[in-house]
Amino acid sequence: MEKTLDQKVKEIVKENKLSVKNIIDIDALDKADIKKIFAVADFFREHFRRGKDKKITQLKGRSIINFFFESSTRTRTSFELAGKHLGADTINVTGASAVIKTKGETLIDTAKTLNSLQADLIILRHAKAGTPLLLTKWIEAPVISAGDGFHQHPTQTLIDVYTMQNEFGDLKNKKVTIVGDIKHSRVAGSLMRLLERYKATVVLTGPQTLMPENVEEAFNVTVDTNAEHAFKDSDVLYNIRVQKERGSGSHIPSLREYAHMYCINEARFALAKKNAIVMDAGPVNREIGIRSEVLDGLMSRVSTQVENGLFIRLAVLSLLIS
Amino acid sequence: MADILIKRGRVIDPEQGIDEQLDVLIRNGKVQKLRKRINEKKAQVVDARGLIVTPGFIDLHVHLREPGREDKETIKTCSEAAAAGGFTTIVGMPNTSPVSDNQTVPEFVAAKAAREAVVDVRVVGSITQGLSGEAISEMDDLKKAGIVGISDDGFDVKNASLMRDAMEYAAMLDLPIISHSEDMSFKEAWAMNEGVMSTKLGLPGKPAASEEIAISRNIMIAAITGATLHCSHINTKRAVQLVYEGRKKGVNVTCDTCPHFFTLDESYLVDYDANYKMNPPLREKTEVSALKTYLRNGIIDAITSDHAPHLLVDKMVEFEHCENGIVGLETSVGLVLTHLVKERFISLTRMVELMSVNPAKILGFKEKGSLKEGNDGDITLIDENKNWTVDKSTFKSKGRNTPFDGWELSGKAVGVVSQGKYIQNN
Numbered sequence: 001m002e003k004t005l006d007q008k009v010k011e012i013v014k015e016n017k018l019s020v021k022n023i024i025d026i027d028a029l030d031k032a033d034i035k036k037i038f039a040v041a042d043f044f045r046e047h048f049r050r051g052k053d054k055k056i057t058q059l060k061g062r063s064i065i066n067f068f069f070e071s072s073t074r075t076r077t078s079f080e081l082a083g084k085h086l087g088a089d090t091i092n093v094t095g096a097s098a099v100i101k102t103k104g105e106t107l108i109d110t111a112k113t114l115n116s117l118q119a120d121l122i123i124l125r126h127a128k129a130g131t132p133l134l135l136t137k138w139i140e141a142p143v144i145s146a147g148d149g150f151h152q153h154p155t156q157t158l159i160d161v162y163t164m165q166n167e168f169g170d171l172k173n174k175k176v177t178i179v180g181d182i183k184h185s186r187v188a189g190s191l192m193r194l195l196e197r198y199k200a201t202v203v204l205t206g207p208q209t210l211m212p213e214n215v216e217e218a219f220n221v222t223v224d225t226n227a228e229h230a231f232k233d234s235d236v237l238y239n240i241r242v243q244k245e246r247g248s249g250s251h252i253p254s255l256r257e258y259a260h261m262y263c264i265n266e267a268r269f270a271l272a273k274k275n276a277i278v279m280d281a282g283p284v285n286r287e288i289g290i291r292s293e294v295l296d297g298l299m300s301r302v303s304t305q306v307e308n309g310l311f312i313r314l315a316v317l318s319l320l321i322s
Numbered sequence: 323m324a325d326i327l328i329k330r331g332r333v334i335d336p337e338q339g340i341d342e343q344l345d346v347l348i349r350n351g352k353v354q355k356l357r358k359r360i361n362e363k364k365a366q367v368v369d370a371r372g373l374i375v376t377p378g379f380i381d382l383h384v385h386l387r388e389p390g391r392e393d394k395e396t397i398k399t400c401s402e403a404a405a406a407g408g409f410t411t412i413v414g415m416p417n418t419s420p421v422s423d424n425q426t427v428p429e430f431v432a433a434k435a436a437r438e439a440v441v442d443v444r445v446v447g448s449i450t451q452g453l454s455g456e457a458i459s460e461m462d463d464l465k466k467a468g469i470v471g472i473s474d475d476g477f478d479v480k481n482a483s484l485m486r487d488a489m490e491y492a493a494m495l496d497l498p499i500i501s502h503s504e505d506m507s508f509k510e511a512w513a514m515n516e517g518v519m520s521t522k523l524g525l526p527g528k529p530a531a532s533e534e535i536a537i538s539r540n541i542m543i544a545a546i547t548g549a550t551l552h553c554s555h556i557n558t559k560r561a562v563q564l565v566y567e568g569r570k571k572g573v574n575v576t577c578d579t580c581p582h583f584f585t586l587d588e589s590y591l592v593d594y595d596a597n598y599k600m601n602p603p604l605r606e607k608t609e610v611s612a613l614k615t616y617l618r619n620g621i622i623d624a625i626t627s628d629h630a631p632h633l634l635v636d637k638m639v640e641f642e643h644c645e646n647g648i649v650g651l652e653t654s655v656g657l658v659l660t661h662l663v664k665e666r667f668i669s670l671t672r673m674v675e676l677m678s679v680n681p682a683k684i685l686g687f688k689e690k691g692s693l694k695e696g697n698d699g700d701i702t703l704i705d706e707n708k709n710w711t712v713d714k715s716t717f718k719s720k721g722r723n724t725p726f727d728g729w730e731l732s733g734k735a736v737g738v739v740s741q742g743k744y745i746q747n748n
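In order, the protein sequence lines correspond to chains B and H.
Take 1 as the starting number for the first sequence in my numbering and just add one per residue.
Take 323 as the starting number for the second sequence in my numbering and just add one per residue.
Honestly, the hints are just simulated from the structure, not real lab data.
All C-beta atoms, glycine included, are put in the ideal place defined by N, C-alpha and C.
Mixed in with the good hints, there may be bad ones.
Example chain B residues on the side facing chain H (calculated, C-beta under 10 Å, incomplete) [said to hold, decoys possible]:
1. Leu107
2. Lys128
3. Leu134
4. Lys183
5. Arg193
6. Pro212
7. Asn214
8. Val215
Within a straight-line C-alpha distance of at most 30 Å, the following computed BS3-like cross-link-like pairs (lysine-lysine) qualify [unchecked claim]:
9. B/Lys175 <-> B/Lys273
10. B/Lys137 <-> H/Lys683
11. B/Lys112 <-> H/Lys607
Construct the complete structure from the given sequences, taking the supplied hints into account.
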């Protein structure tokens with residue numbers, strides 16, 4: 001008799017136990033862990049398709065709390081859907097910072113409450129760097145960071161590297177050019193860390209005022225503020241949105257001038273390698289960061305990233321709390 | 323008040339050029355005699371064999387928190403922490419609630435201290451009313467109420483022309499300015515030093531230039547006003563050089579640094595532990611070694627703790643929201659002995675200069691900083707070989723916010739004489 005989907009999930013999860021309890025720092029995952037996550041993501045990619053029954057019982061009876069202090073569409077939906085597909089009960093706690101402001105409760109006290117309610121996993125997004133680590137010191141439930149301040153967004157990086165590997169295989173010496181507001185980007189923060197470990201060549205481009213201090217020394221990357229020069233021979237152009245809500249506005253004269261200098265348009269895209277791809281973790285700044293011709297073009301992997309996002313999150317949820 | 327006779331200790335008093343075994347007699351809270359051998363039948367005898375006897379240590383930069391934040395510290399507990407750490411005089415910054423910007427606060431502190439404090443507690447007045455940076459405080463009234471200097475600690479005076487008026491006014495009244503030098507127009511929120519480490523941690527940084535620009539401005543204003551300027555808690559090589567250059571050009575400028583700046587650097591922030599969060603922030607490793615050199619060669623004049631007690635909750639929220647500052651009165655002497663004296667960066671004599679002689683001079687305390695007969699009978703007793711482990715749960719201070727918990731130190735203040743009483747530390 002053929003195995004049911006449930007049985008197959010149980011098996012693959014059993015074969016791929018991770019060495020970590022939390023996913024808050026991409027550097028804490030060793031290459032073996034990442035390989036396992038990708039293997040399980042491959043499995044889900046094969047079995048989770050539109051129109052098919054996606055309901056499985058792997059995490060039946062488990063509770064997952066999406067603890068989001070910042071607005072999010074794709075990350076939160078992606079985690080929530082993944083949890084629901086796996087049979088867990090997922091709850092969204094948002095606007096919690098408002099609770100804290102109005103009732104004077106600290107983040108830790110709210111988290112301890114969630115912990116006492118026997119949550120099996122807490123997924124935290126927070127505007128301040130280091131907050132996921134703070135949480136792990138106070139509660140027993142595992143924590144996944146869904147992005148902290150300008151620091152890291154580890155599951156996004158798993159998605160990005162998974163997407164790049166599916167495209168190119170080994171990333172050694174592949175040139176990944178990250179363009180935009182690196183200073184305020186947690187997506188870049190964890191991506192630079194992991195690409196360094198996979199020996200990719202990482203070039204950052206964008207206005208100098210949107211580069212983090214001493215970034216070349218911190219992450220073994222090169223800064224080249226000339227977009228045309230930086231894009232040349234790239235395998236990946238990765239766009240990072242100018243985050244006006246984080247005050248990037250005051251670091252550049254105008255979005256108009258920014259787009260003039262850095263927007264990934266067709267002419268600039270042509271400077272990259274022939275089979276180069278375009279990526280963006282979103283939300284996308286159409287016509288400012290990427291021109292629609294490129295964003296909706298054949299080499300855009302922006303939708304693939306979102307798809308892979310679901311598979312990666314199915315993988316990490318099932319591996320962390322099964 | 324019984325006489326106190328400190329017998330057979332090694333007295334180090336740089337002002338009198340003394341470093342030898344002597345007896346010291348304290349009568350009515352003053353130094354009565356300093357001799358090879360004193361016999362005084364009625365006196366309370368302190369056996370100081372094997373100990374170092376120095377003029378009482380002065381910490382010219384602490385936060386008493388009272389009035390206003392008695393949940394964090396009180397004049398009583400702060401003075402007890404001072405005694406436990408080997409200090410006989412502490413100087414409170416004016417950022418209490420209400421601010422020490424008029425005569426009532428210094429008078430309150432003095433009255434409260436007279437009743438409850440175990441060491442000499444002095445207070446500084448604010449440069450501007452309410453620390454607002456908008457109008458200068460009533461400094462003459464404040465001086466009559468007992469302040470020993472002025473400061474807007476926690477902030478700098480943003481407006482240069484107001485700072486000029488403040489310095490001119492303070493110079494007229496012979497009040498030193500204890501400066502928190504920071505360019506207040508580096509307005510972006512910051513949580514640590516700016517550099518490789520802030521980029522790795524994703525925390526907003528503040529460059530050393532924000533302090534250095536302000537120090538340089540304040541020295542130049544001191545130059546045109548003739549004010550006495552003391553730059554407190556400085557922590558970069560360039561900042562020290564600016565003070566040195568100013569002094570060479572005849573400006574009356576001095577400076578201090580804190581034990582955490584010559585023992586810690588920004589790499590300790592790796593786990594976002596808010597006990598390493600302070601203003602100014604911990605800097606790069608290279609600054610730490612430069613500070614040690616300047617402490618040795620005399621360019622840095624004093625060591626202060628910037629004792630800043632906070633509640634536990636103030637350090638257990640998101641890192642960027644945590645309060646700045648650490649407690650320091652009970653670890654300062656141990657850190658200086660272990661990391662400066664034992665490592666041979668400075669001599670014991672230099673330590674006494676940094677922690678007693680120079681603070682007294684900076685604040686114009688003519689009866690402190692030396693054991694001359696007739697001076698205040700303030701004494702610090704040091705066992706330079708006592709090994710101990712910092713245990714924050716035993717602090718006399720209400721504050722537990724220290725990065726030094728669990729540190730093994732070598733050398734400790736084992737007792738003080740202050741206000742005519744001998745206080746022994748365990």
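Going through the hints against the structure:
{"no.": "1", "hint": "Leu107", "result": "6 Å, holds"}
{"no.": "2", "hint": "Lys128", "result": "4 Å, holds"}
{"no.": "3", "hint": "Leu134", "result": "6 Å, holds"}
{"no.": "4", "hint": "Lys183", "result": "9 Å, holds"}
{"no.": "5", "hint": "Arg193", "result": "9 Å, holds"}
{"no.": "6", "hint": "Pro212", "result": "4 Å, holds"}
{"no.": "7", "hint": "Asn214", "result": "4 Å, holds"}
{"no.": "8", "hint": "Val215", "result": "5 Å, holds"}
{"no.": "9", "hint": "B/Lys175 <-> B/Lys273", "result": "9 Å, holds"}
{"no.": "10", "hint": "B/Lys137 <-> H/Lys683", "result": "47 Å, violated"}
{"no.": "11", "hint": "B/Lys112 <-> H/Lys607", "result": "37 Å, violated"}
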